[in-house]
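Engineer: Below are the chains, spelled out letter by letter.
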Amino acid sequence: MNRIFFWTTMAGVPISLAGAILGWEPTMMFAIYAITILALASYIGRATESLSIIAGPRIGGLLNVTFGNAVELTISIFALKAGYLTIVLASLTGAVISNLLLVAGLSFFIGGLRYKRQKFNIHDARHNMGLLMFSVVVSFVFPYIFSFRLTSGEILALSIGIAIIMLLLYFSALFFRLVTHRGVYAVESEGEDDEEPEWDKRRAILILALAAVAVAFVSDQLVDTFESIAESFGWSEVFIGVILVAIIGNSAENITAIQMAVKNKVNISVEIAVGSTLQIAMFVTPLLVLLSLIFANPMLLLFTREALIAMILSVFLIIMIINDGDTNWFEGLTLLAAYIIMAIGFYFM
Amino acid sequence: MNRIFFWTTMAGVPISLAGAILGWEPTMMFAIYAITILALASYIGRATESLSIIAGPRIGGLLNVTFGNAVELTISIFALKAGYLTIVLASLTGAVISNLLLVAGLSFFIGGLRYKRQKFNIHDARHNMGLLMFSVVVSFVFPYIFSFRLTSGEILALSIGIAIIMLLLYFSALFFRLVTHRGVYAVESEGEDDEEPEWDKRRAILILALAAVAVAFVSDQLVDTFESIAESFGWSEVFIGVILVAIIGNSAENITAIQMAVKNKVNISVEIAVGSTLQIAMFVTPLLVLLSLIFANPMLLLFTREALIAMILSVFLIIMIINDGDTNWFEGLTLLAAYIIMAIGFYFM
Amino acid sequence: MNRIFFWTTMAGVPISLAGAILGWEPTMMFAIYAITILALASYIGRATESLSIIAGPRIGGLLNVTFGNAVELTISIFALKAGYLTIVLASLTGAVISNLLLVAGLSFFIGGLRYKRQKFNIHDARHNMGLLMFSVVVSFVFPYIFSFRLTSGEILALSIGIAIIMLLLYFSALFFRLVTHRGVYAVESEGEDDEEPEWDKRRAILILALAAVAVAFVSDQLVDTFESIAESFGWSEVFIGVILVAIIGNSAENITAIQMAVKNKVNISVEIAVGSTLQIAMFVTPLLVLLSLIFANPMLLLFTREALIAMILSVFLIIMIINDGDTNWFEGLTLLAAYIIMAIGFYFM
Numbered sequence: 001m002n003r004i005f006f007w008t009t010m011a012g013v014p015i016s017l018a019g020a021i022l023g024w025e026p027t028m029m030f031a032i033y034a035i036t037i038l039a040l041a042s043y044i045g046r047a048t049e050s051l052s053i054i055a056g057p058r059i060g061g062l063l064n065v066t067f068g069n070a071v072e073l074t075i076s077i078f079a080l081k082a083g084y085l086t087i088v089l090a091s092l093t094g095a096v097i098s099n100l101l102l103v104a105g106l107s108f109f110i111g112g113l114r115y116k117r118q119k120f121n122i123h124d125a126r127h128n129m130g131l132l133m134f135s136v137v138v139s140f141v142f143p144y145i146f147s148f149r150l151t152s153g154e155i156l157a158l159s160i161g162i163a164i165i166m167l168l169l170y171f172s173a174l175f176f177r178l179v180t181h182r183g184v185y186a187v188e189s190e191g192e193d194d195e196e197p198e199w200d201k202r203r204a205i206l207i208l209a210l211a212a213v214a215v216a217f218v219s220d221q222l223v224d225t226f227e228s229i230a231e232s233f234g235w236s237e238v239f240i241g242v243i244l245v246a247i248i249g250n251s252a253e254n255i256t257a258i259q260m261a262v263k264n265k266v267n268i269s270v271e272i273a274v275g276s277t278l279q280i281a282m283f284v285t286p287l288l289v290l291l292s293l294i295f296a297n298p299m300l301l302l303f304t305r306e307a308l309i310a311m312i313l314s315v316f317l318i319i320m321i322i323n324d325g326d327t328n329w330f331e332g333l334t335l336l337a338a339y340i341i342m343a344i345g346f347y348f349m
Numbered sequence: 001m002n003r004i005f006f007w008t009t010m011a012g013v014p015i016s017l018a019g020a021i022l023g024w025e026p027t028m029m030f031a032i033y034a035i036t037i038l039a040l041a042s043y044i045g046r047a048t049e050s051l052s053i054i055a056g057p058r059i060g061g062l063l064n065v066t067f068g069n070a071v072e073l074t075i076s077i078f079a080l081k082a083g084y085l086t087i088v089l090a091s092l093t094g095a096v097i098s099n100l101l102l103v104a105g106l107s108f109f110i111g112g113l114r115y116k117r118q119k120f121n122i123h124d125a126r127h128n129m130g131l132l133m134f135s136v137v138v139s140f141v142f143p144y145i146f147s148f149r150l151t152s153g154e155i156l157a158l159s160i161g162i163a164i165i166m167l168l169l170y171f172s173a174l175f176f177r178l179v180t181h182r183g184v185y186a187v188e189s190e191g192e193d194d195e196e197p198e199w200d201k202r203r204a205i206l207i208l209a210l211a212a213v214a215v216a217f218v219s220d221q222l223v224d225t226f227e228s229i230a231e232s233f234g235w236s237e238v239f240i241g242v243i244l245v246a247i248i249g250n251s252a253e254n255i256t257a258i259q260m261a262v263k264n265k266v267n268i269s270v271e272i273a274v275g276s277t278l279q280i281a282m283f284v285t286p287l288l289v290l291l292s293l294i295f296a297n298p299m300l301l302l303f304t305r306e307a308l309i310a311m312i313l314s315v316f317l318i319i320m321i322i323n324d325g326d327t328n329w330f331e332g333l334t335l336l337a338a339y340i341i342m343a344i345g346f347y348f349m
Numbered sequence: 001m002n003r004i005f006f007w008t009t010m011a012g013v014p015i016s017l018a019g020a021i022l023g024w025e026p027t028m029m030f031a032i033y034a035i036t037i038l039a040l041a042s043y044i045g046r047a048t049e050s051l052s053i054i055a056g057p058r059i060g061g062l063l064n065v066t067f068g069n070a071v072e073l074t075i076s077i078f079a080l081k082a083g084y085l086t087i088v089l090a091s092l093t094g095a096v097i098s099n100l101l102l103v104a105g106l107s108f109f110i111g112g113l114r115y116k117r118q119k120f121n122i123h124d125a126r127h128n129m130g131l132l133m134f135s136v137v138v139s140f141v142f143p144y145i146f147s148f149r150l151t152s153g154e155i156l157a158l159s160i161g162i163a164i165i166m167l168l169l170y171f172s173a174l175f176f177r178l179v180t181h182r183g184v185y186a187v188e189s190e191g192e193d194d195e196e197p198e199w200d201k202r203r204a205i206l207i208l209a210l211a212a213v214a215v216a217f218v219s220d221q222l223v224d225t226f227e228s229i230a231e232s233f234g235w236s237e238v239f240i241g242v243i244l245v246a247i248i249g250n251s252a253e254n255i256t257a258i259q260m261a262v263k264n265k266v267n268i269s270v271e272i273a274v275g276s277t278l279q280i281a282m283f284v285t286p287l288l289v290l291l292s293l294i295f296a297n298p299m300l301l302l303f304t305r306e307a308l309i310a311m312i313l314s315v316f317l318i319i320m321i322i323n324d325g326d327t328n329w330f331e332g333l334t335l336l337a338a339y340i341i342m343a344i345g346f347y348f349m
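Chains as they are written, first to last, in the UniProt record's numbering: chain B, 1 to 349; chain H, 1 to 349; chain W, 1 to 349.
No lab work stands behind these hints: they were computed from the structure.
Heads up, the beta-carbon is just placed ideally off N, CA and C, and yes, glycines get one too.
Any given hint could be a false lead.
[Stated by the list, open to error] With a Cα cut of at most 27 angstroms, we get these calculated DSSO-like pairs of lysine-lysine:
hint: 1; chain 1: B; residue 1: K119; chain 2: W; residue 2: K265
hint: 2; chain 1: H; residue 1: K119; chain 2: W; residue 2: K119
hint: 3; chain 1: W; residue 1: K265; chain 2: W; residue 2: K116
hint: 4; chain 1: W; residue 1: K263; chain 2: W; residue 2: K81
hint: 5; chain 1: B; residue 1: K119; chain 2: H; residue 2: K119
hint: 6; chain 1: H; residue 1: K119; chain 2: H; residue 2: K263
hint: 7; chain 1: B; residue 1: K81; chain 2: B; residue 2: K201
hint: 8; chain 1: B; residue 1: K116; chain 2: B; residue 2: K265
hint: 9; chain 1: B; residue 1: K265; chain 2: B; residue 2: K81
hint: 10; chain 1: B; residue 1: K119; chain 2: W; residue 2: K263
hint: 11; chain 1: H; residue 1: K119; chain 2: B; residue 2: K116
hint: 12; chain 1: H; residue 1: K263; chain 2: H; residue 2: K81
hint: 13; chain 1: B; residue 1: K119; chain 2: B; residue 2: K265
hint: 14; chain 1: W; residue 1: K119; chain 2: H; residue 2: K116
hint: 15; chain 1: W; residue 1: K116; chain 2: W; residue 2: K263
hint: 16; chain 1: W; residue 1: K81; chain 2: W; residue 2: K265
hint: 17; chain 1: H; residue 1: K81; chain 2: H; residue 2: K265
[As the list claims (entries may be wrong)] Label-pair ranges, simulated between beta-carbon atoms:
hint: 18; chain 1: H; residue 1: N2; chain 2: W; residue 2: R305; range: 50 to 58 angstroms
hint: 19; chain 1: H; residue 1: F171; chain 2: B; residue 2: K119; range: 21 to 29 angstroms
hint: 20; chain 1: H; residue 1: R117; chain 2: B; residue 2: L62; range: 22 to 30 angstroms
hint: 21; chain 1: H; residue 1: F171; chain 2: W; residue 2: L62; range: 49 to 57 angstroms
hint: 22; chain 1: W; residue 1: K116; chain 2: B; residue 2: E231; range: 38 to 46 angstroms
hint: 23; chain 1: H; residue 1: G325; chain 2: W; residue 2: L174; range: 17 to 25 angstroms
hint: 24; chain 1: B; residue 1: G56; chain 2: W; residue 2: K119; range: 29 to 37 angstroms
hint: 25; chain 1: H; residue 1: K263; chain 2: W; residue 2: K119; range: 18 to 26 angstroms
[What the hints assert, rightly or not] Computed list of chain W residues with no C-beta within reach of chain H, every gap over 12 angstroms:
hint: 26; residue: A216
hint: 27; residue: A296
hint: 28; residue: V315
If we strip away everything but chain B, and leave its shape as in the complex, we get (with noise of 0.2 angstroms):
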């Protein structure tokens, strides 16, 4: 797997470097973007735990939180200063659904066909629940039903209010499981802290540095390819945002979530599909509200009603499903069936 990841890289970078300066075909080039990206999210995300492992588990947590969206983070960005707010927003969406029902649906289902029940630590479910509900309902829902009664600039300061409320939670959160609450709810420790780092620290920021700086600038060379995807698809551009961009943010999470499912780890895969939506809704989202002042168009926190109620659906769902504790094939299934009406809804969009 890592040397595919290698070769990949190794063509990819070039490849998408010539297609930007040339001006390759734009549909062409969109799928060697994409593929780029998810070779390089695995050298950030393998960089990431090698420093982990090596600067202990807080820190290893906080390293864990910037880098762990930052694909997200680095497409949001650029296209938030190239002015598709509706992307943006759209992708945001994507990152939510994909994380809760497809990274956790095809975990659980693929995790299910090897092994009959897959028990993971229902505490820290019920903890990641709470935020979910704080983060996409309350914080999410808030913002839209207040906005059919307040002026545009009202709505931007309940959104800048709200932003900086779910920094300052989120940050909170890190300071209750990295500090004062370590181990209060651990199940048993899984000896994992005896794992040996891939590489040591000067190269793990090496190469950090390196996939960051590549997938900045092909996140950048994507962003430009959405309006011709649109057109020669006929594809909307929510359509694109929800599934497109969300399926190539969030493929480097689903293969780990599922390798982790098939070691019978379940309990690592809800913590990355649950924890993963925690960063997205917490705090990538936020941020993008907060940096989008900076640039011409400020970024309200204010998705479409369709996003919304995806989402909420998404959250009432995976609490459901996760509730009792444990997985099995079935409630995998539960979660794609649901993704997969989701994506066709989209799709008409």
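Mind docking chains H and W on chain B? Use the hints.
Structural biologist: Coordinates of chains H and W only, in the frame set by chain B:
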């Protein structure tokens, strides 16, 4: 009880036949048709039960599924053919609401008058909760939300897509419960396997066939009285569908569920109430959507706002009530109070 | 603490009287009325507690119910009489939100600063969760959803019907907890029965009567300052109702709940926060609907969209937070963050 059903059938079928041919007064005939269907439903139920015992749990499970909501399905097909799309959707709504609130409510209340606390298998219940969330909340809400932005052709395509996915997931659920995970979540084998069938195989099939034909005929007549009923009592089509037709269609399950609760087998009451709702939502509803393509007017998977909210609220309420793993009279009363509130609401529409 | 309340009452009541007669500056008087009501609320609370201990748990439970939200009820009746229907509905909304998010949030947060994990009786909490779902979600949402299709006369009839059902279910809940299922779900008897009453029976009744008369008078004056407050600060009626009046009305509960959490009796904090919400939703609200029929303008059971969503989100969030059976500082902070978001939203309205 069985004697009452016998004589009701013996009297009801010929009177229905006579009334239909001679064109007797519709209001009176509505009552006679309703009582006759109730009696016939008990025969279908008992014949299916006998066949289930003979055929063993796997095929028995399939039979239960196929004939469990045979009455609702038959009434709905005739109403569909007659073009009463509003009543069909309303009666599906009513079946969901009355199973979750009325059937479960009466069982918990009456059972709770005799026993202080009645426990049931929380694992099965939670499995079903996930499916309720998938079917009623995700699958029904999604086309509604998207309907504002889509053309009616796109809504039809979305309806058909969702209907197919729901049916596939429904059969996967059967495969899961009857094949791959049979007994995995069972708390105890309740020694029910040594039950004697009421009728032998030939007799059961004969009774099933006769009762099915009779139900089909009487349902066809019943549907024709809807208009007169609506006029003479000043009831809306929605009220007839949501409240009246649902009570008639569910009466057999209602009686069985209460009997089980009184015998302190509240496990089976929950299974009837929730399982029957799932059959309606995941099997009957999508099947009717697909069947309607044969008739002149295709039926969209598009409930009214009021119907949708009523179903969603019922699902959330039963989830909250059932989540603690036991029942008592007050939990039953809470469900009944919610049912009465909804009935009043639909009465005014 | 009690001395502060004593001197506040001794000073507050005469100053309120003087200010009301001499027509002092409304903004200043608003503050004085608010502080006086807070002090009087503590007397009502302590007198009720003494009477409860003397009268035993059954009648004590009834007394607690009747006087527990006496202040909210009194303010609301005077506001209703003065025709401030918007403020009444807003203050009911505020009572629900601030009990669930502010009272519970502050208790969990401050209690959590001292104790790592605080456990409570999950069975009682789940019983109450079902009732929150019934009252706030089912009973409040239903008339709203139907209001688009009904005439105002029909909405009034629906409101009255729902109000009666809610009151009946509320008294059934008391009957359930105090009579048929007393102690059935108790985890341990906490030996609270050997408490000494602060005052004897005669004294408690006298104090209760005097405090009730004083609260009634000061509330009447408080309501008259709303318009001036709205004007001078540029606050909307909704903000005054949802945030200001609710904080004044709930301050007594708030202080008690925090004190209990600090004493590691978070069980009682949960009971106060959720139990008080249920009193507002299932007892005070329907009672006001019925009482309003006496006055010129009947009050419909019809919250605004924003108020309804705020209450529903609060219910879902507290359910998620409470579902795991223990609390910590971070869970408190999450509730407080949601409260601040809502306060900002209502501020802009």
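Engineer: None of the hints should be skipped; say for each whether it holds.
Structural biologist: Hints, one by one, checked against the model:
1. Between K119 (chain B) and K265 (chain W) the CA atoms are separated by roughly 32 angstroms; this puts the pair beyond 27 angstroms, and the hint is violated.
2. Between K119 (chain H) and K119 (chain W) the CA atoms are separated by roughly 24 angstroms; this keeps the pair inside 27 angstroms, and the hint holds.
3. A distance of roughly 13 angstroms separates the Cα atoms of K265 (chain W) and K116 (chain W); the hinted pair therefore holds under the 27 angstroms criterion.
4. A C-alpha spacing of about 41 angstroms is found between K263 (chain W) and K81 (chain W), which places the hinted pair above 27 angstroms, so the restraint is violated.
5. Between K119 (chain B) and K119 (chain H) the CA atoms are separated by roughly 24 angstroms; this keeps the pair inside 27 angstroms, and the hint holds.
6. The straight-line distance between the Cα atoms of K119 (chain H) and K263 (chain H) is roughly 12 angstroms, inside the 27 angstroms bound, and the hint therefore holds.
7. Under the criterion of a C-alpha separation no larger than 27 angstroms, the hint pairing K81 (chain B) with K201 (chain B) is inconsistent with the structure, at around 33 angstroms.
8. Between K116 (chain B) and K265 (chain B), the direct Cα distance comes to roughly 13 angstroms. Compliance with the 27 angstroms bound is thereby established for this hinted pair.
9. Annotation: proposed proximity of K265 (chain B) to K81 (chain B) is violated, straight-line Cα distance about 39 angstroms (limit 27 angstroms).
10. About 36 angstroms separates the Cα atoms of K119 (chain B) and K263 (chain W), which puts this hinted pair outside 27 angstroms; it is violated.
11. Between K119 (chain H) and K116 (chain B) the alpha-carbon distance is near 26 angstroms, which keeps this suggested pair within the 27 angstroms criterion.
12. Taken as a hint, the K263 (chain H) and K81 (chain H) pair is broken in the structure, with Cα atoms around 41 angstroms apart against an allowance of 27 angstroms.
13. Between K119 (chain B) and K265 (chain B), the direct Cα distance comes to roughly 9 angstroms. Compliance with the 27 angstroms bound is thereby established for this hinted pair.
14. Under the criterion of a C-alpha separation no larger than 27 angstroms, the hint pairing K119 (chain W) with K116 (chain H) is consistent with the structure, at around 26 angstroms.
15. Taking the CA atoms of K116 (chain W) and K263 (chain W), the gap is about 13 angstroms. The hint holds against a cut of 27 angstroms.
16. Annotation: proposed proximity of K81 (chain W) to K265 (chain W) is violated, straight-line Cα distance about 39 angstroms (limit 27 angstroms).
17. This hinted pair does not check out: K81 (chain H) and K265 (chain H) have alpha carbons roughly 39 angstroms apart, beyond 27 angstroms.
18. Checked against the hint of 50 to 58 angstroms, the C-beta distance between N2 (chain H) and R305 (chain W) comes to roughly 52 angstroms, which is consistent with it.
19. Hint check: F171 (chain H) to K119 (chain B), Cβ distance near 27 angstroms, so the stated range 21 to 29 angstroms holds.
20. Checked against the hint of 22 to 30 angstroms, the C-beta distance between R117 (chain H) and L62 (chain B) comes to roughly 48 angstroms, which is inconsistent with it.
21. Checking the proposed 49 to 57 angstroms range against F171 (chain H) and L62 (chain W) shows it holds: the Cβ atoms sit about 54 angstroms from each other.
22. Checked against the hint of 38 to 46 angstroms, the pair K116 (chain W) and E231 (chain B) fails, with Cβ atoms roughly 57 angstroms apart.
23. Taking the beta carbon of each, G325 (chain H) and L174 (chain W) are about 24 angstroms apart, inside 17 to 25 angstroms as hinted.
24. Between G56 (chain B) and K119 (chain W) the Cβ separation comes to about 31 angstroms, which falls inside the hinted range of 29 to 37 angstroms.
25. Under the hint 18 to 26 angstroms, the C-beta atoms of K263 (chain H) and K119 (chain W), about 36 angstroms apart, miss the expected range.
26. At roughly 32 angstroms from the closest C-beta of chain H, the C-beta of A216 (chain W) stays outside 12 angstroms, upholding its exclusion from the interface.
27. Every Cβ of chain H is farther than 12 angstroms from the Cβ of A296 (chain W); the closest lies at roughly 24 angstroms, confirming the non-interface assignment.
28. Annotated as non-interface, V315 (chain W) brings its C-beta within 12 angstroms of a C-beta of chain H; the closest such distance is 10 angstroms.
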